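Residue numbers (this note's numbering), protein chains in the order written: chain A, 59 to 513; chain B, 59 to 513.
Hints are computed from structural coordinates only; laboratory data are not their basis.
Please note that a few of the clues may not be correct.
Because identical chains share one entry, a pair is satisfied inside a single copy or across any pair of copies.
DSSO-like cross-link-like pairs, simulated, lysine-lysine; straight-line CA separation at most 30 angstroms [said to hold, decoys possible]: (1) Lys246 / Lys482; (2) Lys133 / Lys67; (3) Lys304 / Lys133; (4) Lys148 / Lys133.
Note that this is a predicted model, so its numbers are computed, not measured.
2 protein chains.
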Amino acid sequence: MGQSVFYLKQSDLPKQWYNIQADLPAPLYPPINPATGKPISPDDLSPIFPKGVIEQEMTQERWIDIPEPVREILKIWRPSPLVRAVNLEKALNTPAKIFYKDESLSPAGSHKPNTAVAQAYYNKIEGVKRISTETGAGQWGSALAFATNLFGLQCTVYMVRVSYEQKPYRRTLMHLWNGEVFSSPTDKTDAGRAVRAKTPDTLGSLGIAISEAVEDAAKHPDTKYSLGSVLNHVIMHQTITGLEAKLQFEMAGVEPDILIGCAGGGSNVAGFIFPFVPEKLAGKKIQFIATEPTACPTLTKGPFRYDYGDTACLTPLMKMYTLGHNFIPSGIHAGGLRYHGMSPLVSLLCNQKLIEARAYSQNPVFEAARLFAQTERVIPAPETAHAIKAVVDEAVRCRETGEEKTIGFLLSGHGHFDLYSYDKYMENALEDYEHPDEAIKKSISELPDIDYSIE
Amino acid sequence: MGQSVFYLKQSDLPKQWYNIQADLPAPLYPPINPATGKPISPDDLSPIFPKGVIEQEMTQERWIDIPEPVREILKIWRPSPLVRAVNLEKALNTPAKIFYKDESLSPAGSHKPNTAVAQAYYNKIEGVKRISTETGAGQWGSALAFATNLFGLQCTVYMVRVSYEQKPYRRTLMHLWNGEVFSSPTDKTDAGRAVRAKTPDTLGSLGIAISEAVEDAAKHPDTKYSLGSVLNHVIMHQTITGLEAKLQFEMAGVEPDILIGCAGGGSNVAGFIFPFVPEKLAGKKIQFIATEPTACPTLTKGPFRYDYGDTACLTPLMKMYTLGHNFIPSGIHAGGLRYHGMSPLVSLLCNQKLIEARAYSQNPVFEAARLFAQTERVIPAPETAHAIKAVVDEAVRCRETGEEKTIGFLLSGHGHFDLYSYDKYMENALEDYEHPDEAIKKSISELPDIDYSIE
Numbered sequence: 059m060g061q062s063v064f065y066l067k068q069s070d071l072p073k074q075w076y077n078i079q080a081d082l083p084a085p086l087y088p089p090i091n092p093a094t095g096k097p098i099s100p101d102d103l104s105p106i107f108p109k110g111v112i113e114q115e116m117t118q119e120r121w122i123d124i125p126e127p128v129r130e131i132l133k134i135w136r137p138s139p140l141v142r143a144v145n146l147e148k149a150l151n152t153p154a155k156i157f158y159k160d161e162s163l164s165p166a167g168s169h170k171p172n173t174a175v176a177q178a179y180y181n182k183i184e185g186v187k188r189i190s191t192e193t194g195a196g197q198w199g200s201a202l203a204f205a206t207n208l209f210g211l212q213c214t215v216y217m218v219r220v221s222y223e224q225k226p227y228r229r230t231l232m233h234l235w236n237g238e239v240f241s242s243p244t245d246k247t248d249a250g251r252a253v254r255a256k257t258p259d260t261l262g263s264l265g266i267a268i269s270e271a272v273e274d275a276a277k278h279p280d281t282k283y284s285l286g287s288v289l290n291h292v293i294m295h296q297t298i299t300g301l302e303a304k305l306q307f308e309m310a311g312v313e314p315d316i317l318i319g320c321a322g323g324g325s326n327v328a329g330f331i332f333p334f335v336p337e338k339l340a341g342k343k344i345q346f347i348a349t350e351p352t353a354c355p356t357l358t359k360g361p362f363r364y365d366y367g368d369t370a371c372l373t374p375l376m377k378m379y380t381l382g383h384n385f386i387p388s389g390i391h392a393g394g395l396r397y398h399g400m401s402p403l404v405s406l407l408c409n410q411k412l413i414e415a416r417a418y419s420q421n422p423v424f425e426a427a428r429l430f431a432q433t434e435r436v437i438p439a440p441e442t443a444h445a446i447k448a449v450v451d452e453a454v455r456c457r458e459t460g461e462e463k464t465i466g467f468l469l470s471g472h473g474h475f476d477l478y479s480y481d482k483y484m485e486n487a488l489e490d491y492e493h494p495d496e497a498i499k500k501s502i503s504e505l506p507d508i509d510y511s512i513e
Numbered sequence: 059m060g061q062s063v064f065y066l067k068q069s070d071l072p073k074q075w076y077n078i079q080a081d082l083p084a085p086l087y088p089p090i091n092p093a094t095g096k097p098i099s100p101d102d103l104s105p106i107f108p109k110g111v112i113e114q115e116m117t118q119e120r121w122i123d124i125p126e127p128v129r130e131i132l133k134i135w136r137p138s139p140l141v142r143a144v145n146l147e148k149a150l151n152t153p154a155k156i157f158y159k160d161e162s163l164s165p166a167g168s169h170k171p172n173t174a175v176a177q178a179y180y181n182k183i184e185g186v187k188r189i190s191t192e193t194g195a196g197q198w199g200s201a202l203a204f205a206t207n208l209f210g211l212q213c214t215v216y217m218v219r220v221s222y223e224q225k226p227y228r229r230t231l232m233h234l235w236n237g238e239v240f241s242s243p244t245d246k247t248d249a250g251r252a253v254r255a256k257t258p259d260t261l262g263s264l265g266i267a268i269s270e271a272v273e274d275a276a277k278h279p280d281t282k283y284s285l286g287s288v289l290n291h292v293i294m295h296q297t298i299t300g301l302e303a304k305l306q307f308e309m310a311g312v313e314p315d316i317l318i319g320c321a322g323g324g325s326n327v328a329g330f331i332f333p334f335v336p337e338k339l340a341g342k343k344i345q346f347i348a349t350e351p352t353a354c355p356t357l358t359k360g361p362f363r364y365d366y367g368d369t370a371c372l373t374p375l376m377k378m379y380t381l382g383h384n385f386i387p388s389g390i391h392a393g394g395l396r397y398h399g400m401s402p403l404v405s406l407l408c409n410q411k412l413i414e415a416r417a418y419s420q421n422p423v424f425e426a427a428r429l430f431a432q433t434e435r436v437i438p439a440p441e442t443a444h445a446i447k448a449v450v451d452e453a454v455r456c457r458e459t460g461e462e463k464t465i466g467f468l469l470s471g472h473g474h475f476d477l478y479s480y481d482k483y484m485e486n487a488l489e490d491y492e493h494p495d496e497a498i499k500k501s502i503s504e505l506p507d508i509d510y511s512i513e
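Turn these sequences into a full structure, and let the hints steer you where they fit.
Written as structure tokens, this is what we have:
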């Protein structure tokens with residue numbers, strides 16, 4: 059066995075992010091201001107985002123420079139290694155080659171700091187004092203707290219109630235990095251109070267927590283809002299994973315046949331695969347797979363429609379796969395995948411059949427995660443485990459067909475703060491929840507009746 | 059800033075362990091059979107250890123081959139990187155260069171799997187079916203469960219009660235790797251039942267848990283015992299960290315002036331510094347520091363005497379620094395440092411003034427840990443944080459004197475399963491416990507009246 063870990067030098071850390079907006083196979087639908095029915099302008103976004111971020115959200119430039127102070131901080135853990143999962147291959151007795159890009163090595167334990175550092179930087183240079191945000195499982199909230207702390211900014215995190223209870227130690231991380239954390243819905247915002255009045259026992263949702271964080275930013279002039287996924291600039295920041303991986307697949311002397319990532323808001327899978335999209339558009343045979351939970355089957359059961367990003371309808375409307383902004387998924391352990399919508403960019407590429415989607419329920423996902431944890435270095439986060447389930451399926455298919463495919467996936471984070479979920483799995487106490495079609499139909503029926511046609 | 063992470067290739071993974079017994083500056087006192095008062099023979103150990111391990115415990119050979127199947131498993135995460143803590147240096151405004159050898163990257167999150175894999179291998183090839191062991195914070199128990207699972211062995215872990223309660227997720231790890239875990243003292247062994255009868259509210263101790271695990275092995279012919287620190291073979295397996303670090307300091311173009319590790323049973327600091335000892339014996343100026351808690355000040359307050367390794371007096375007598383086998387430290391969060399004794403090899407080198415020892419209480423230790431977590435990639439384990447406290451002290455001293463020393467330390471593990479301790483620290487709820495001298499005097503007075511003179 060030769061080398062199975064592929065490291066880049068720190069000087070190989072990409073100097074530019076890749077912006078897929080320059081290479082889309084079809085035009086991207088613009089976000090719509092619900093008040094006017096027209097595409098939003100940069101000014102519409104300025105109450106909640108700094109200018110630097112708004113520019114990045116809208117730019118059509120293919121390559122965007124990564125500021126040096128951002129690169130310096132990313133070097134605390136980047137470039138991340140690409141690892142061949144030799145022991146998993148053996149355990150599966152597959153002729154497939156399996157590679158994972160290990161994003162679990164960041165201080166917060168996931169890919170999330172890749173964008174958190176950049177966003178904190180752009181807020182800092184524009185004099186913002188505090189950043190508000192939402193978080194599901196806490197991967198994003200802890201990443202932002204880590205980043206804001208390095209830049210001397212304050213950080214307020216609205217954490218979805220079910221995860222706030224399930225994952226107390228992600229709260230500890232935020233405290234360690236000087237962030238404040240509240241269980242959402244809170245009584246601190248109009249949006250939160252409204253939900254609590256109507257459904258006091260709610261598990262919370264990312265949609266609700268987004269409403270709270272946006273309202274907080276909109277009401278405080280020294281505060282801006284930050285989102286950990288979905289938006290174009292977030293995805294652009296995450297392309298650092300795919301850009302590094304491209305170099306590393308070359309070092310390994312292989313070309314990936316299949317690339318896989320899990321999809322909550324979409325930045326994880328998008329950051330990993332987008333740098334490979336131009337090759338596919340140019341005719342190269344490469345398969346992209348986004349995986350999600352059957353409890354929140356946005357890509358597999360949602361329509362491609364305009365919808366709000368949040369429950370209280372404070373955000374612009376975005377054209378995306380969506381289960382409806384009133385959709386509340388069950389309290390599955392992959393808190394980061396409990397989002398009703400999906401990145402408009404990922405949605406467009408799914409709609410164009412460039413990315414395929416698969417949905418899995420909890421037990422098969424944790425079975426794959428356990429196998430990975432028993433054979434490889436990392437105990438994967440429940441979100442990541444959705445990607446691993448697809449990897450295992452594809453590797454088993456290769457065993458059956460004899461194909462020696464090269465499969466790459468983004469190991470988006472470790473599950474060290476999700477071990478309660480593993481306990482439940484090992485106690486056979488996890489539900490294989492599939493959200494009922496009737497309930498999905500109902501929340502979809504509440505979608506706003508808005509469309510926009512691109513000439 | 060140039061490269062600040064130093065990776066070795068997998069082919070650079072050491073092919074041999076270093077055995078310091080070949081290079082000792084003074085003879086090592088042999089372990090004594092308490093029944094005969096004479097040095098133990100290999101046969102004395104055969105009820106509880108496999109032959110391969112006994113040979114390694116006693117050999118005087120300088121270099122011992124690492125079996126290929128062990129190297130193959132170590133490659134899941136090794137060689138581990140040596141990292142320059144650039145951001146910590148900046149935060150401390152020190153001219154010192156600080157390097158850490160990152161052992162937090164193993165599947166169990168610490169240096170412990172380095173020996174767990176080797177020990178599981180030697181048991182496997184001799185047909186052992188099950189391994190019993192003790193664990194403090196659970197670092198060792200989880201490491202052994204990981205390793206035994208890969209070799210298809212069963213694993214039974216006696217986990218010190220206070221840690222069993224404080225660190226539930228290290229139990230989850232052991233379950234994930236198919237180990238069984240009991241809160242020690244249990245009612246499954248004579249040793250455990252005796253302690254429970256006498257002191258039902260005991261916090262437990264490593265000494266008690268060792269008694270239980272040894273008894274379990276001695277009573278079951280298909281079962282052997284395994285120890286995660288203290289003994290010569292364990293320390294030899296851990297020299298892989300220091301051997302790799304030597305190569306990496308060369309890559310970095312520096313020569314370490316100070317090397318630091320924390321000391322519970324001693325394998326952590328010993329594995330890191332022993333490969334550098336011959337240079338020091340040859341006259342090179344290099345300082346070795348072992349750090350420990352004031353709640354369990356073995357090296358700083360214990361005498362260098364023969365004592366039992368466990369509470370029930372089942373082990374051979376070892377000449378070491380010891381607080382007495384009846385010593386029960388307070389329930390500090392660095393569970394891995396709650397051991398009354400110390401590796402005879404480390405003890406000898408301390409006694410020879412080659413290693414110096416320092417003791418710290420909890421709050422300054424966690425303060426150093428928080429600073430590290432806010433500036434570098436890793437949230438350190440409470441044990442590791444004892445080393446970091448000394449690193450920070452030395453770096454601050456360099457700031458004051460202007461010396462540009464190169465300081466290296468073993469980052470022995472991450473603290474992801476110790477965040478409860480960080481919570482307590484941030485709530486100002488940690489005690490700065492110093493074990494009372496009177497109590498130490500009492501437990502020392504109960505040392506066995508045995509000595510052995512080496513001609």
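Broken hints, numbered, in rising order? No numbers; nothing is violated.
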